[in-house]
Amino acid sequence: MPVYELSCRQGAGGQIMERDGFISYSHRRDMELAQALQRGLHTLARPWTRRPVLSVFRDTTSLSANHDLWSSILTELERSRYFIYLASPEAAASRWVRKEIEFWLANRPLDRFLIAVSDGTVAWDVENNDFDWERTDALPPVLRGRFATEPLWVDLVKVREQRLLSLRQADFRDAVATLAAPLHGRTKDELDSRDIRERQVAKRLRRTAVGALAVLLVTSLAAGVVAWQQRGEALYRARVSASQALAAHSLELADSDPRKAAQFALYAEQVESTGESAQALARAVEANSGVVRHVKGGFEKLADFHGQSQVAQTHVAVSRDGGIFAYYSDLEEGDVHLYDIRTGQDLPDLPTGMIGRNSKPLLLSRDGRTLALEAAFNRIEIWDVRKTVKVRTITASRGEDLAEAWKGLRSFTLSADGRRVAASYYASDEPSATPRLGVWDTRTGESLLQEAAPAKGAEYSLQDDGTHLLAVDTEARTTRLLDLRTGTWARARTVSGLPAVDAPAVSFSGDPRRAWIASDGKQRRGGLWDFVTGKRVTESADGPTGATALPADNPDLVVGAEGNSLVLYDGALRRTRTLGAFTWGVLGVSVSGDGRWVAAGSADGAVSLYSTRAVHGGTPLPHPDPVDDVRFTPDGRLAYRTDKKSTQLWKVGEGDTGLTRLGRIPRPVDVQDGAIALSPDATRIALLDVGRLTFWDPRTGTEAAEPAYTSRSTDGPGLFYLPGGRHVVGTWRQGITVIDTRSGEATQTLAEDTSSVSLAQSGDRRTLASVDEAVGDIGVWRWSAKENRFEHVRDAHAAGTATMQLAVSVSPGGEKVATVDRDSRITIVDVRTGRTVSSAVGPGQGGYPLVFSRDTRLLVQPYGAGERGGLDLWDTATGDALGSWDLSGQGVPGNDLSVDIVEAPGGGLLTRGQDGSLVRRALGGAEWRATLCALVPDPLPDADRDRYLGELDVDAPCDA
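Residue numbers for the sequence shown follow the numbering used here, beginning at 11 and rising by one.
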């Protein structure tokens, strides 16, 4: 060790000190500054070939793990030669800083106490030879009267405020040098000179090394670039391969397990966006069209269950008002889970423990406030759902004393108001024992009825008024009604044709006029019965084969299980559509009173909530009137209904706002030879009628002051407002013409002879495209707001010229243009590059208009009509088909009307139905991803992730 370093490491008593300095500071205020100061002291004047000359302690970096913090700090204080205090009001108030200073004052000389001010004020009083304590707030009171002369301190306030924490910054370097000089035992100038010499030596050596390595570097870089490119290409191929494999598996699962199909589609898109991942997303959205939320994924196993029944049970219940949804699985820890349908939020669980073995052991009152459940050993628990507390336990009999075959409630029912509960059960396990029937008041627990059950295998249902109990004995083919007010039974009534089944599968709606009974007990054939008239309403061999639920207030709907699928039927038991599917069989089904909300659970514990009114990735929009006879402008911004004298107008809003009424103008719109458009600010209507262009105020219904423009018109002219609302563009005989609405004059003609030209505008109004319907020539122009003119940007030609072009469409941002001909062949043009792709020639069923997704990856085309209609999806990069959305049961027009779509403002598309519905459908990878993440936010299981992704670094597609 050099002599100067040895002398610097000696303490006041001559002992060798292991630390050169100890930094004391406020962690809350000066953590970053203390770190920079420690780094600067270690770096300044350090020979480039050696480790740091100084050793400065800062507690967050220099302490080892020790439960006795003060003992560790005290040890470091004893080992240090200098005390560096980062002064600030926070440090002055710190208990730890004060203890550190008190130790130094008691054990070390004050000439080795250095001050660096980071905040606050430090002022010296020359007359009193002490700090001015009225002005000083950055020093602790323990230093009062301790200094005989003014100590050394440096000002770091500006450095900290401006975050100039590098030795390259002059102010910070000067402060570090001032503090480092006494630690090195040198003057500041000597230390500064030494630092400069060390830097110069290092610089010369670096230059030499750089020169020697330059040739090697160039060579290695060239090789590295090639290797990196090859690595990148290999990684890209691996990601594409993984994405395609995930997408393929998603498509395989779409029909059998829509939840997992959504997960795999999301990961396919996350790994790498491909045509296959887009197809998987679209199919997953369709497969989950009725899903509100996949509440819980399945365990995908049954072997670990050991319970009373051979198969683990999953039970669900939806309140009649559609507000609360409860579910339970034997495969979990034994809680009943609650979900608020209205808010879409999970509610606190009910710690119920294992529940009973009845086919429907969870019962909710009409308003969802009361839950009755069958607990173990023939007990009934009543829970307050809002307060999540158990109100009481009702003991039907001591089930723990019974043999296994006699345990469990035989039938279980709750009144709609939640005030009464009834059950049949066994009180004895003697061979000759017959079941008992009990009715209780849920508010008091009082027994209202205890007697022998009228039939061994009867099923019971408390009627809506809560005063009558219906008993159905399928073995005797009779029904009886108990008046709970008098405790008397009506005479048994024979029901002709009622299936004589020992263990019937019966589902009640709450109304004696409607109940489902399986014909053979295995639910392979069943019918609907009216127990008021005693007649069968309908029977079907194609009805539910599993669990069944009847909405209490909707006689036109039946919900039932068919193996792994959840199916909707009409009132005549005709199958209408599949609502959902699971990997394992459907065990539990429940439905709200109006039939809107349906819950289902599978044998492996999976639970999902559905809406019978949901549509493929879409949202029904509010509108004041039915829209069956309403037309839309090509840009989707204006809806109108016209007659011989006037036209009603609505603005189509973005998002979920629907239609907003604008007013009425006293002019009809000629849908063949006229056109109409809405200004960007929705204050003007442009109306083109037989070549005459006029402007109207939709709020007053009067013609506006803007001058009209008249010229010879074309058949089916196009008309669009341009950005800013001052200009419109349309087709006249002289060509595609731009009109200044203020002067009423034509300012630009884009193309001549437009007698057979179709026109389209991008969603941002900046790009215009045309196609000559006869020869397929495509033109594209872009609007210059600065010049108030169009600039020609692209010419192209539609694939195949033998068939007439039907329509042209532009993507929302003007990136791509598409046309379709009578053979349903689609041509897609990339406006920037001019690259053109086309689809195969179809059978001619494809329609128009065409609608781009917001990200331009997808193109949608309507096909068919009525219940046979739907939407075809196309990949705009390749022209490949990506599948279809079947719109059966999705509110599409009747059989005689084609599927009608239009681009929606802000992205997506609008579809409408003959029933007056208007639906905005999400369109595109980002939109579908958001839709599916809302349904299935869970990450892919580890086993599937390892199988498909391996070592690929892929983040979860949905936020936690």
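Treat the hints as calculated values from the structure; they're not laboratory data. Predicted model only: the values in this text are computed from it and were never measured. Where is the CB? At the ideal position from N, CA and C, for every residue including glycine. Careful, some of the hints might be misleading.
In silico PhoX-like cross-links for lysine-lysine, where the CA-CA straight-line distance does not exceed 25 Å [claimed, not checked]:
1) 397 - 466
2) 306 - 397
3) 417 - 400
4) 168 - 198
5) 466 - 400
Derived Cβ-Cβ restraints for the label pairs, each shown as a range [stated by the list, open to error]:
6) 700 - 665: 35 to 43 Å
7) 700 - 969: 54 to 62 Å
8) 552 - 402: 22 to 30 Å
How the hints compare with the structure:
1. 397 - 466: violated, 37 Å
2. 306 - 397: Between residue 306 and residue 397 the Cα gap is close to 23 Å, so the pair holds against 25 Å.
3. 417 - 400: holds, 23 Å
4. 168 - 198: Measuring from Cα to Cα gives roughly 21 Å; hence the hint holds.
5. 466 - 400: violated, 31 Å
6. 700 - 665: 35 to 43 Å: holds, 37 Å
7. 700 - 969: 54 to 62 Å: holds, 55 Å
8. 552 - 402: 22 to 30 Å: violated, 44 Å
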